[in-house]
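4 protein chains.
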Amino acid sequence: MAITRFGISLDEGLLKRFDRLISEKGYANRSEAIRDLIRDSLVKDEWEEGTKEAVGTITLVYSHHTRELPDTLADLQHHFYTSIVSAMHVHLDKHNCLEVLVVRGKARDIKKIADRLIGTKGVKHGKLSVTTTGREMT
Amino acid sequence: MAITRFGISLDEGLLKRFDRLISEKGYANRSEAIRDLIRDSLVKDEWEEGTKEAVGTITLVYSHHTRELPDTLADLQHHFYTSIVSAMHVHLDKHNCLEVLVVRGKARDIKKIADRLIGTKGVKHGKLSVTTTGREMT
Amino acid sequence: MAITRFGISLDEGLLKRFDRLISEKGYANRSEAIRDLIRDSLVKDEWEEGTKEAVGTITLVYSHHTRELPDTLADLQHHFYTSIVSAMHVHLDKHNCLEVLVVRGKARDIKKIADRLIGTKGVKHGKLSVTTTGREMT
Amino acid sequence: MAITRFGISLDEGLLKRFDRLISEKGYANRSEAIRDLIRDSLVKDEWEEGTKEAVGTITLVYSHHTRELPDTLADLQHHFYTSIVSAMHVHLDKHNCLEVLVVRGKARDIKKIADRLIGTKGVKHGKLSVTTTGREMT
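Those protein sequences? They're chains A, B, C and D, same order as listed.
Each number in this note's numbering corresponds to the 1-based position in the first sequence with 2 added.
Each number in this note's numbering corresponds to the 1-based position in the second sequence with 2 added.
Each number in this note's numbering corresponds to the 1-based position in the third sequence with 2 added.
Each number in this note's numbering corresponds to the 1-based position in the fourth sequence with 2 added.
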């Protein structure tokens, strides 16, 4: 992991505004904030591409009282078990559950798994959030 | 939980296209697909509002070899422990970790916690994904 | 254009919240609001597909004092003239211009044109907004 | 407008990937690409804020054959004339029109105008795209 350094030129006023924004967001310094913007643009590109290995999280909110829903979701997850790394379950209240799955595979395949789970009858809300394997992202 | 029923009118061609889309996505029927669209629009509104109780997941990818980073993230999470319901950790490879936190509170506060964690030096990629407590979302 | 009508079933509480939201947004009735949700999901799908004919707008903000920029942008637009339907120019202040282009073609090609224009040196901010030809969207 | 210059440090592999991405997007150099990321993060922040002066474009697709729709849209636009800078109209085909409005004002107010127009009965698709006045964005 070789660190390289390069200069960027910028209008002073713009830099001041950026410094204010990143200090609000709790960044330690500009390099860190800019690295985050760079990595985020790479993650977006990976997901538009569709064919690279990617990692995502799928969040599902549902009532465990919905007839057969917990079983259906478990069956579906086992069907896709090669892509679903693990799952965490949170009891939001007496009825509502949140389940978040970590999914790994081609962006395109992950989207399909997300569609399938989120579309399951009884799931109240579902969301796919996209991220990266962390490789080549140092 | 009283179920109500109402009719909506729609052009036939549009309905055909929608039927095709939702069958690709694995929806059992139109009611289910439309309920999802409705709930998603309500979740968006809750988050724009900022002051309602909401639930989100924060995904962080980082290398656990980054000096002090695991400790810093743990400290931060404990600082916000009243809002962070729980966390799951996945070992992506020898170096890279994915951590996904379930966070609950006012949308506005959750955004701040996400900014703080994602902005921590060494976090390679972070993302806030927004959802709902599931209440009033039957 | 044959209008069809079908029923959807929904929890009463959810419907009440939805009614509140759509009246805030100024919708005349539920059918209209739900048709908008449906069409929006179809537009998203068209753009993910990439190969269907689509329509978008590209917004560019820049200073016309930036050396050679107006010429470069005009040249680029002429290069892509088969896809760019028309353009409107607004003088934001003494220095700043906003240009909004209506672009038509395959989603994939429109994205490339947007990248190329937004990436032009001196453009302060650019954005692609995606919509539809309106066909099969009655 | 004083230009300042500062260095950022980055892993070599990450920089290579970023260089590849920005050359695909047609950026002249890294400074330009990073300035775009910075300005985009500032625009997002302005719009979340809600109270700063902002500029946006509202795109509407509709059939001009829809009874009373052109009149209704014209009336609405005149109602908000202090915020709507100008409008461009494109004839997409025999029936379909695209109208794109440049709107200026507080982000919060622009959102309301967009909701109102997009929610108008008969509008097939509408979208608000957010940008900046260009000031303090050099």
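In short, the hints are calculated from the structure, not lab data.
Any given hint might turn out to be false.
One copy or any two copies: either way a pair holds, since identical chains are not told apart in the list.
Claimed, not checked - In silico lysine-lysine, DSSO-like type, Cα no more than 30 Å apart, as pairs:
hint : residue 1 : residue 2
1    : 46        : 114
2    : 18        : 114
3    : 27        : 123
4    : 123       : 96
5    : 54        : 114
6    : 18        : 96
7    : 46        : 113
8    : 114       : 27
9    : 108       : 18
10   : 54        : 108
11   : 18        : 123
12   : 96        : 46
13   : 96        : 54
14   : 108       : 46
These numbers were taken from a predicted model, which means no experiment stands behind them.
Quick rundown of the hints versus the structure:
no. : hint     : verdict
1   : 46 / 114 : both (17 Å within a copy, 15 Å between copies)
2   : 18 / 114 : between (43 Å within a copy, 21 Å between copies)
3   : 27 / 123 : between (38 Å within a copy, 12 Å between copies)
4   : 123 / 96 : within (20 Å within a copy, 38 Å between copies)
5   : 54 / 114 : both (15 Å within a copy, 20 Å between copies)
6   : 18 / 96  : between (49 Å within a copy, 23 Å between copies)
7   : 46 / 113 : both (14 Å within a copy, 14 Å between copies)
8   : 114 / 27 : between (33 Å within a copy, 7 Å between copies)
9   : 108 / 18 : between (40 Å within a copy, 22 Å between copies)
10  : 54 / 108 : both (5 Å within a copy, 23 Å between copies)
11  : 18 / 123 : between (50 Å within a copy, 20 Å between copies)
12  : 96 / 46  : between (37 Å within a copy, 24 Å between copies)
13  : 96 / 54  : between (40 Å within a copy, 20 Å between copies)
14  : 108 / 46 : both (14 Å within a copy, 20 Å between copies)
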